[in-house]
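Please build the complete structure, drawing on both the sequences and the hints.
Protein chains in written order, with the numbering used here: chain A, 1 to 228; chain B, 1001 to 1228; chain C, 2001 to 2236; chain D, 3001 to 3363; chain E, 4001 to 4363.
Hints in this document: simulated from the structure, not taken from any laboratory.
Please read these numbers as outputs of a predicted model, since none were measured by experiment.
You can take every hint at face value.
Selected chain A positions facing chain B (in silico; Cβ < 7 Å): (1) Ala-44; (2) Asp-47; (3) Gly-48; (4) Leu-56; (5) Val-59; (6) Leu-112; (7) Ala-116; (8) Val-157; (9) Arg-158; (10) Gly-161; (11) Phe-163; (12) Ser-204; (13) Ala-208; (14) Ile-209; (15) Val-213.
Derived contacts from chain C toward chain A, CB cut-off under 10 Å, selection only: (16) Thr-2018; (17) Arg-2033; (18) Leu-2042; (19) Ala-2048; (20) Arg-2152; (21) His-2176; (22) Leu-2179.
Cross-link-like lysine-lysine pairs, in silico, BS3-like; alpha carbons within 27 Å at most: (23) Lys-2142/C x Lys-1015/B; (24) Lys-43/A x Lys-1224/B; (25) Lys-224/A x Lys-1043/B.
From the three backbone atoms N, C-alpha and C, an ideal C-beta is built for every residue, glycine too.
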Amino acid sequence: MLSPLEIAALSLSLKVAVWAVGCSLAPGIAIAWLLARRDFPGKALFDGLVHLPLVLPPVALGYLLLVLFGRNGPVGAWLHDWFDISLVFSWRGAALAAAVMAFPLLVRSIRLSMEAVDRRLETAARTLGARPLRVFLTITLPLTTPGILTGLLLAFVRCLGEFGATITFAANVPGETRTLPLALYTALQVPGGEADATRLAFLSVALAITALVASQYLARQLSKRIGL
Amino acid sequence: MLSPLEIAALSLSLKVAVWAVGCSLAPGIAIAWLLARRDFPGKALFDGLVHLPLVLPPVALGYLLLVLFGRNGPVGAWLHDWFDISLVFSWRGAALAAAVMAFPLLVRSIRLSMEAVDRRLETAARTLGARPLRVFLTITLPLTTPGILTGLLLAFVRCLGEFGATITFAANVPGETRTLPLALYTALQVPGGEADATRLAFLSVALAITALVASQYLARQLSKRIGL
Amino acid sequence: KSETIEILAAASTTEAVTALSAALHQEHGLAMRTTFAASSTLAKHIAAGAPAHLFLSADIAWLNYLAAHDLIAADGRVDLLGNQLVLLRRTGDAGARGLAELADLDMALGKERLIMGDPAHVPAGRYGRQALQHLGLWGALKQRAVFGASVRNALALLARGQGRFAIAYATDLRAHDSLRLSATFPKDSHAAIVYPLALIRERESAVARKAFRYLQGARAKTIFEQYGFTFLPNTR
Amino acid sequence: MLELDLTARIGNFRLKAAFRAEAGVTALFGPSGAGKTSLINMLAGLLRPSQGRIVVQGHVLFDSKQGIDLAPEARRLGYVFQESRLFPHLTVAGNLSYGRRLVPKGRTQVDFDAVVDLLALAPLLTRRPRTLSGGERQRVAIGRALLAAPRLLLMDEPLANLDGPRRSEILPFIEGLQRQLGISIVYVSHNMDEIVRLADQLIVMADGSIVAQGPVDEITARLDLRALTGRWDAGAVLTTEVAAQDQRDALTRLSFQGGDLWLPQLSLAIGTPLRIRVRARDVSLALTPPRGISILNVFAGQVIEVGEDDGPQVDVLVDIGCPLWARITKRSQRELDIVPGRMVHALIKAMAVDRRGLGSEPD
Amino acid sequence: MLELDLTARIGNFRLKAAFRAEAGVTALFGPSGAGKTSLINMLAGLLRPSQGRIVVQGHVLFDSKQGIDLAPEARRLGYVFQESRLFPHLTVAGNLSYGRRLVPKGRTQVDFDAVVDLLALAPLLTRRPRTLSGGERQRVAIGRALLAAPRLLLMDEPLANLDGPRRSEILPFIEGLQRQLGISIVYVSHNMDEIVRLADQLIVMADGSIVAQGPVDEITARLDLRALTGRWDAGAVLTTEVAAQDQRDALTRLSFQGGDLWLPQLSLAIGTPLRIRVRARDVSLALTPPRGISILNVFAGQVIEVGEDDGPQVDVLVDIGCPLWARITKRSQRELDIVPGRMVHALIKAMAVDRRGLGSEPD
Ligand SMILES: Nc1ncnc2c1ncn2[C@@H]1O[C@H](COP(=O)(O)OP(=O)(O)OP(=O)(O)O)[C@@H](O)[C@H]1O
Ligand SMILES: Nc1ncnc2c1ncn2[C@@H]1O[C@H](COP(=O)(O)OP(=O)(O)OP(=O)(O)O)[C@@H](O)[C@H]1O
Ligand SMILES: [Mg+2]
Ligand SMILES: [Mg+2]
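Shown next, in the form of structure tokens:
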């Protein structure tokens, strides 16, 4: 039913999205916490920075990534010299691009959900002898799980759709960085490629809707479990 | 300080973003309410549809818009015949593309905030004689304002950064659809255009951060006012 | 021997280069991996250190950009392909059918739009502007011209009825059911359309050279011409 | 006035209740988890019973057979919740006015200033609910419900968070509501004093069903409900009438079937009917009328019944023209030979008559 | 044990309080908005005073001069909140165990099953807080705080939402806590009965400052605090000792400075000290010792003081070996000629001795 090319694009998209989202989770939670529960000078600016990927055109962001993480870029050179990792032209680069683009969505969801957690529960936990870290892990975090799930979903879906930054930074390498959107783009570049493009678009949509429905179901289960 | 081209792009970006966000607000609130407070068959699918613009590559979405709203498209033909409005090549088209891309973010923010409103307050209002619509307008909506503000901000910022769908659907018409990201893209396509691109990127970032900081301030004021 | 050749090629050459890489593998057992994007994007990848052996650009400017950065191997540059600039219309568009010669373009266009790549950065757009200027039409048409982000984008707009004519390459017409040729721009009305091929210095190797030569060979000529390009080098 | 017959299931909890309440104040009493809040929620339309019927003042609010289920706002039942549920985005004044604006044209409005004065809300009017203490919050919630001028007021332990003085300040107003506006109240409380003071009818719930229902005097006099109502609270309720005022001693004479009862002065017109609760524990028995004693109210009567009890005390039902319960030690019972048929004198310490059991607070 | 001297400002509200409490139960009493919750929050470290010092059992928890301000979790003070604040994502069992797991190794743990039994939580253990009724929720909150084995327990009206039977079920356990674990409690309540029953020391607050403080007997006997403590609650507290048990009549004899007092049986060892509250309204006076009466406790004494009062009643202080307040009508006072120096007999109805004023609940 699916052509090998489509299967390759699909599995690559999944791999890239899973890695991107997986690696963003911990820093995402940390930054969401900073923004939801801490006050520090320059917070508004920091908040702005976190949101940058949302406002910059993906192509510009991809270019920025290229400048930073390209083999000649400051971070890229270091990664290459020390770990022999090259991000450009590799699925890791695609994952990085996707992660950067999806990060604000992840952070925002978690943050909102965290802000909604009743602080009085946290103080109650502290009077029961729990230190802030434990309070965070046993009260705040579990009560934030619906937000985390939502954030993961949004980020995942955003990663599946990421195009501009990926093609600019990681390029359009078949089997390595040619995710579904890039394959779609490629199909559109070929005269008469609309049919292929439509198939790929449907594939993207089906994937996203599956993810959405699954997460909805999960979220409901979760909400029931945490008794909200 | 800014070149006339930059000023044109900047003011166009603002115009497009303001219109896009302004027109999305009412349907955004309505759909957020549907998703937050109603259960109906096919809700998961509907939710998926609302999130589509997030998952589809912007270019594909722009193409879809072109198919629907192009002069020969079902909606586009109708608009053209009855109202003599053409969206393609006009800033209205750019606003439509931006609105569609930003819509999921708007809806999600509002919805989350709405879900966090204590339903017991709503039932209290009903026992005081308020019909559901009044309850919505006097209790739910005011308590959702922080979420609406956040949603507006996110959508606004997303509109400022929208590129792929705009360029595909509304094309790159100077003064009409050449928003900041399109100008940035154009600059990046020209050898040696990096300096211009950098200026434009800074402009985008400054605009976004201004919006973020302003909204943060507004949100704080608002939260104080609604006593949360 | 197991080295894979990385070729970065302009998006408009997607089909031809894909076919060529299959042929190369078949004939010489060499693996060639293709990457397609806008020439600008690809050039910047190379400048950023992307592991590329070959670069097929749709625009001389980006090759010059790489040359300026001293990224091209000595003797590693050739004008590979040429193309023709054409004016296209939609199948069954009665208003566009009336165009007898290019000089009538203004009248045939009427209040409609002329779609072309952005002259600021899309080569086809640049050539189109040159041609129209040369024909003395630019002044009258400028206001009705709209710019796509790429030639493909311009064609999509035309196919959707967003304008009456579009300026594109002859290669774009292939397999596009809904588009028809209206006119061909005279060769002298614009700068020569050239797709230069470059061998990247950093990754220069015997295999890369071999592929570089193969792309200028007889088999390449057949394939490129099959996809509508003019083949420029003298076949060795 | 209120007619109710419901069955419902909430989680594992099953509720089955049927009663008919006349105009006035109906108290719902029962242990924690008995289903009082659930019942009142079904009345208000916030919970849907699995089947049954609810009729308030002739209006059918719910009828599973006829398929009627009015929306909460259409029921026009005021609700003071266990938690105050104030609107956080409105000031206290905004909260108070919320329902007031929605009062249908025809209905009498409740005077805003009167409510504000009574609940001592004036200094809070511009404050936000968040900054109020628990008690302050509940006072506002009561005011808000009052100002919506409902047909029937549902109150779920509205005074649970209030301190003594505030409680007795608000109580007369709740009573006044019933008298002045003719509004009926369904009142959930754990506090027997409040119930006796306010309620005309008492419904005792336990484990999701109604254990007893009837006039407050009857129910409180029943010994078999003590496990639920609490031993301290057992007693009799006397239906009396103001007979005379003694200005010098600041005493009021009430007449009832058993004779005259002297009470600290009540500012009530002569002829006013009054319900008075005499707790069994406040009644002593003597064989001869004691003299030179500060107890003013002594009534001759005959022992009708001596309750069986395992404890050190027994409850003795004495007929003094109407039934009166006295609680004495077993030792006294034996020493005084209190048996049915015996003539005794019941001593009610004037001050021990629970004035909170009166229709209005005199001090 | 607890030493506190604080000033603070919350919004427009100013709080200034200083006291020193000995081990045992310290009650905080005061009208709504007096600042009780605020004070207790500062103790727990949830609100920061503007200046002052808090010392608990020798540990300085807060000292603005020394710059000490321990974190709430480092203070190890248990807190039962006015609202229960249960963790919604944990079952009841999970809530109960939360603090228990964090008890430092060295400290004695409180027995889980004992707490569960006592608070009747067994059937709730697997439930979620959301599905509990108000009373059930508060019981869990109390259990949770108890199981954290804190140095000092802060309770902010923990029983406000509980009904009578549950209340008296939990009270003995709270007392037991103090006796068995030697844990001290700061207990906020509006309910004088609870306070008298539980508290050793009483602190009366109003408008952000401390109006009175001292042993419970002293404070409750003060007439000048009645506006705050409520008139009903005025009375004397007798310090007694269990002297004998009368099995036949199920009575207990207590001895105190005024003689012997008979009470419904208390299952207490002979010699156990007991505090008993006798409300003024439960004491009558007679000129001659009455006979043939069911009142067991009659004490001869001398009138020391007759209170001035506008109302129909006066409070009379009688020395029966220790001070005792009696409340009688003005008419009786005149007719019996009750003036200082007069010899009288004070009648305390055995059953009228407020058993809730005892150190432990007998039934
Ligand atoms: N959503 C629910 N799921 C399961 N059980 C519930 C739910 N809501 C209430 N219950 C149960 O229904 C019973 C009645 O609860 P309800 O709140 O009506 O009691 P109540 O009489 O008002 O108690 P309280 O005096 O403590 O307020 C309780 O046993 C409670 O645990
Ligand atoms: N955040 C705040 N901003 C302004 N005023 C406040 C704030 N929190 C409390 N107050 C005020 O401080 C005073 C004391 O409140 P507190 O909650 O300590 O009273 P309380 O004695 O516990 O009352 P209650 O018995 O009703 O619980 C009240 O007048 C209250 O309105
Ligand atoms: Mg309840
Ligand atoms: Mg308080």
